[in-house]
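Q: What follows is each chain in one-letter form.
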Amino acid sequence: MKPAPFTYACPGSVDEALALLQAGGDEAKVLAGGQSFVPLLNLRMASVESIVDLNRLNDLAYIRRDTDTLCIGAMTRHRQIEVSDEVQTAQPLLCRAAAEVGHLAIRNRGTLGGSLVHADPAAEWPLVAAALDAQLVLRSTDNSRTIAAREFFLAPLMTAIEPTEILCEVRFPVAPAGAVWGFQELCRRPGDFAIVAIACQLTLDDGGTCSTASLAVGGAHSTPLHVAEVEPIIIGSQGDAAVMTAAAEKAAAAVDPSGDVHGSADYRRRMVKVLTQRALKEAWGQKRKRVLQ
Amino acid sequence: MAETQFAESQTIRVRVNGQEYEREVPVRRLLADFIRHDLGLTATHLGCEHGVCGACTIIMDGESVRSCLLFAVQADGAELQTLEGLANGDEMHPLQQAFWDNHALQCGFCTSGFLMSAVDLLDKNPQPSEEEIRYGLSGNLCRCTGYANIVKAVQAVAEQSLRHGSGQVQS
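Heads up: the sequence lines are chains P and S, in that order.
Residue numbering for the first sequence is 1 to 293, as defined by the working numbering.
Residue numbering for the second sequence is 1001 to 1171, as defined by the working numbering.
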């Protein structure tokens, strides 16, 4: 239960980190918050020759609003997002999702970027990044590129990041006027990974008619899954039960879950339907609450 | 700019419960093992060693963290608090006293982790509801008590701080 030997470097700048990663070649790995990576090392499910630790890179820990985009540095801790007034104003779904990540001691240390690159298909950040169409800024020594979260996740724990790249920033669209959201997560105990989770954002006009919709499923597919097929069903509707059921059935048909000790594939598919209905209901419920206020 | 190199060991300086330590450590040494073996502070317990049980919870720079998920080198320059730093001489910390009064431990293995998590919980939210206490301590596992008395103990301290009108739990 101790990690196998490795060499370690803790650079003071992103450029230095990128150079170290380049020098380390395929055998060097990036350490962010370490709340998933270090357990893998301790259990010896993973071993590495070298570690580049990003924890002194304070210039990758920030929350900045740039008109319609909320830019969050990859080394921002879950807890900082959870309690940020700026995030609560610009994109409250992120605060809601952050509160579901692990436990307090995990959230104090774990990072947004680390969770995304770890790419657990049942984790909150990959799900929300897919639902909101977040853009990820990746850097290497000689290049910088932006990739959509919806293209970033390839398989469980597999992403499009290159071994010499570091995820530096995550860009979320600010919730537009009239935006409401739903977030539903099923797990056995608080802090566990989701058995199934749903995140959605809708834009509703004054009468409650939906003009844009976006929904993603976590925990029931090899990656967080953006289910574009539900959008034409929801858009133009006022959230009546038949529409929610039709959308939920579409979402359940779109996923290809695998079963494990926490739930069979059939159970997960069924829960996708149930939780999609609840998430949509939650979203329209926010609208009704605003009208009453 | 100083060129950072990959290293197998490193000299680190930490402040633990107010005392400075300087040690050379292999880079793969977990912070929990450093605290126990290198510093001899054995109140911090190791249960699962992969971040599930919460027994190794300590306070680092004012925030609760799992010391089995950090390398000792990552704590270089940090201020740490372990269970040894809670009591004031012979006088127990209010949380320790409340655990005693409410019979909030049986075998005691998980207790130091619970106490450190509760310190952070009350620091962030001095008057938590029962639900907030349960949520705040959900990252710590206890196999003996069934949690009821642990929750009661934390509630007792929260009520105490309400009575004394101070938001903070004094150590």
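It is possible that part of the hints are untrue.
What the hints assert, rightly or not - SDA-like, lysine to any residue: derived pairs with alpha carbons at most 25 Å apart: (1) P:29 - P:178; (2) S:1124 - P:29; (3) S:1124 - P:140; (4) S:1124 - S:1107.
Stated by the list, open to error - On the chain P side, residues computed to face chain S include the following (Cβ under 8 Å): (5) 5; (6) 12; (7) 47; (8) 50; (9) 85.
It should be emphasised that the hints constitute simulated quantities derived from the structure, not laboratory data.
The C-beta atom is built at its ideal place from N, Cα and C for all residues, glycine as well.
Q: Are the hints correct? Go through all of them and say.
A: Cross-check of the supplied hints:
1. For the hint pairing residue 29 of chain P with residue 178 of chain P, the CA-to-CA distance comes to about 42 Å; that exceeds 25 Å, so the pair is violated.
2. A threshold of 25 Å between alpha carbons decides the hint, and for residue 1124 of chain S with residue 29 of chain P the separation of about 34 Å lies outside it, so the pair is violated.
3. About 38 Å separates the Cα atoms of residue 1124 of chain S and residue 140 of chain P, which puts this hinted pair outside 25 Å; it is violated.
4. Using a Cα cut-off of 25 Å, the hinted pair residue 1124 of chain S and residue 1107 of chain S is violated, with the two alpha carbons roughly 28 Å apart.
5. A least Cβ separation of about 6 Å between residue 5 of chain P and chain S falls short of the 8 Å threshold, and the interface hint therefore holds.
6. For the restraint placing residue 12 of chain P at the interface with chain S, the shortest Cβ-Cβ distance is roughly 7 Å, inside the 8 Å limit, so the hint holds.
7. Residue-level restraint check for residue 47 of chain P is violated (minimum Cβ-Cβ distance to chain S is 10 Å; threshold 8 Å).
8. For residue 50 of chain P, the shortest C-beta to C-beta distance to chain S is roughly 5 Å, which falls under 8 Å, so the interface hint holds.
9. Interface restraint check for residue 85 of chain P: the shortest CB-CB distance to chain S comes to about 16 Å, outside 8 Å, so the restraint is violated.
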